[in-house]
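Visitor: These protein sequences, in sequence, are chains Z and L. Number 294 marks the last residue of the first sequence (this note's numbering); no jumps. Number 341 marks the last residue of the second sequence (this note's numbering); no jumps.
Where hints are given, some of them may not hold.
[Stated by the list, open to error] Only some residues are given here: those of chain Z computed to face chain L with a beta carbon under 8 Å:
no., residue
1, Leu107
2, Arg114
3, Thr269
[To be verified] Lysine-lysine pairs mimicking DSS-like chemistry, simulated, CA-CA at most 25 Å apart:
no., chain 1, residue 1, chain 2, residue 2
4, L, Lys199, Z, Lys179
5, Z, Lys85, Z, Lys236
6, Z, Lys180, L, Lys2
7, L, Lys2, Z, Lys183
8, L, Lys2, Z, Lys49
9, Z, Lys80, Z, Lys236
[Said to hold, decoys possible] Here are a few chain L residues that sit away from chain Z, every Cβ distance over 12 Å (derived from the structure):
no., residue
10, Arg84
11, Phe89
12, Gln188
13, His289
It should be emphasised that the hints constitute simulated quantities derived from the structure, not laboratory data. If you're wondering where the values come from, they're calculated on a predicted model, not measured in any experiment. Cβ atoms here follow ideal geometry from the backbone N, Cα and C, with glycine treated the same way.
Listed here are the chains, written in short residue letters.
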Amino acid sequence: MSSTVVEHKSFPVRFFSYLFILIWLFIAAFPFVWTFWGSFKVELDFFSKENWANAITGVRTIGDTGSAFTGDGYYGAWVKEEFWKSALNTAIVCFFVVCTSLTIGTLGAYALSRSGFRYAFWLLILALVFRAMPPITLVAGYMLPFFEWGLWGHLWTTIIVLVAINQPFTLWMLHSFFKKIPKDLDESAMVDGCTSFQAFRYVILPVMWPGVITTGLFSFLLAYNDFAVTAMLLSKENQTMVPKIAGFLGTTQTEGNVMFAVAAVVSATAPLFILVMFFQRQIVSGLTAGAVKG
Amino acid sequence: MKHRTFFWFFLPTALAMLLFIFLPIISVVTQSLFIDHEQVFVEVENCNFFGCNTVSVVDTEATEQLRAEQPLGRFVGLGNYINRSHLAFSEVGEAWDKSDSVGGFFNNIFNLPLYRALIFTLVFTFTVTPLLIILGFCIAIGVNSLNQKIKGFVIFFSLLPMIVTPLVGSLILFWMIDSRGIIGSSLQVLFDDPDLSLKASATLTWVTLIVYGVWHAAPFAFVVFYAGLQTVPQDTLESAMIDGASRWERIRYVVIPHLAPLVTFVALIQLMDNFRVFEPIVGFNASAHATSLSSMIYSDLDGESRLLSSAATSSVLTIIGVVILLFPVLIRTWRDWDRKY
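Chain Z with its partners taken away, still in its complex shape (with noise of 0.2 Å):
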């Protein structure tokens, strides 16, 4: 923003404005910073009754295991718990879900906004009510006719109710994008002797490929963190990591195996690291796209 004016902030408004996003980034990077760190602990650290400065020091830790950090944790996960196979699965889902939500949400979103009839805008309508519904509520509904016909605990289930989950939200993403690109564009196309669909592939699409990438983001951010279908729908040997985490909670309570759980959590967590740190433009421009026309 280049701004015409010089703004002469007096020292306590821009001390109190500094301080204030000191203050927010400790609160929102700290946690993260800490559960990092105290994933190479022994429990007894991470969780300490006697002084919690422990878990940054590692006193127990050095006494367990002769160094300051150990990687127990996340051996026992990985190896142990088997937590590769879920890493796997998760892997597996997100990008089989990325893939068929872009690919029918493009033409969905695509027909959306280019038809002026009154339908499209009770779709749309339509498309808002089943994104406000908790999808547990649909998990409801799955439960029943999935096990009758066999349908249950299979990795292509699971990845099928997440594609249709999320198309509500990526048709409005997608949405909000291509009324940005001029209708003129695909109408000389057709002018030119392109029929709708090749108009849609060899002009749009490409003008596209951010709003696409940015909505490409989201779904697997929807898939990744979805725990509701995955946790209901999965059977034990396909679980994804999210339920898988929720697992460990459940039936690990012997000492050590909390930091299973930790370890498991930062590995979770990683993927989304990287990914903000690539992407954050997108995530920002995706964040607002619904938002800006107002």
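We have chain Z; now place chain L onto it with these hints.
Guide: Same frame as chain Z, but now just chain L:
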């Protein structure tokens, strides 16, 4: 676009939503009208030294067979809706008759699972949403006045609480507020009370959940408002300054009106998202003190005895709640559309 082209373009996504959103709703509604079969009893004559008597024994085989033949259960109409774990009309009526004050009435109502969940969900939704809007706005104003170089850095860290998996985020905070964790033990020192535990009391659990909710969603409000701040008309700000408006007056009379539509947008999205609050209750292991509509359905579905009809009934009521919550928005969008076309 022609109807025909529209149809083909829209078909795949329509099929997905029809099969996996619309039909499940039908399935939920159907299931909510049925209840599990009762066990089949058979009369068996039991003779022993003292004589004979007839007792009824569960006929496991017949029960299994009946359940396999009619997995839906037996039809009860609206019976599931008015039983104790849902709308509980008779219990509410009784509470109304018996209790002498409004407070007493609410205390009684609070013991009924559905109302308990509903009250928590509404309290959560309507405290978290305004709080996160205010916090997000303050952060946006603060970040906007920062040096260009560190803005990206601040935005990066600000995004983290929002982007993190809700269950993971709540676990991270849950471990910190544990009485042996850093926040929990610091609070004990601060209030000089070695037995202080945020998990023990219902009020403190609610407060923790609300704090988590604001922490998780404030970045969203921040990002949207921050983007809005980039488009504040500079001439208006300038003329306001020349007219002698103070910093606060400029925010109050130029910036806030400019951001007003964004506030509506954030409020809408967050009302929808907070109404479905669920993961933090699992993450904070808080179901003893706080249940939401979603967590109620989850605990019905979870575990050995899957209470499908009960979960379905709660789901239908939740969906009705969502529609009521959205109603003002739907009407507004409808008017907007009318204006445009």
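Visitor: State the violated hints by number, sorted upward, taking the hints as numbered earlier in the document.
Guide: 4, 8, 12
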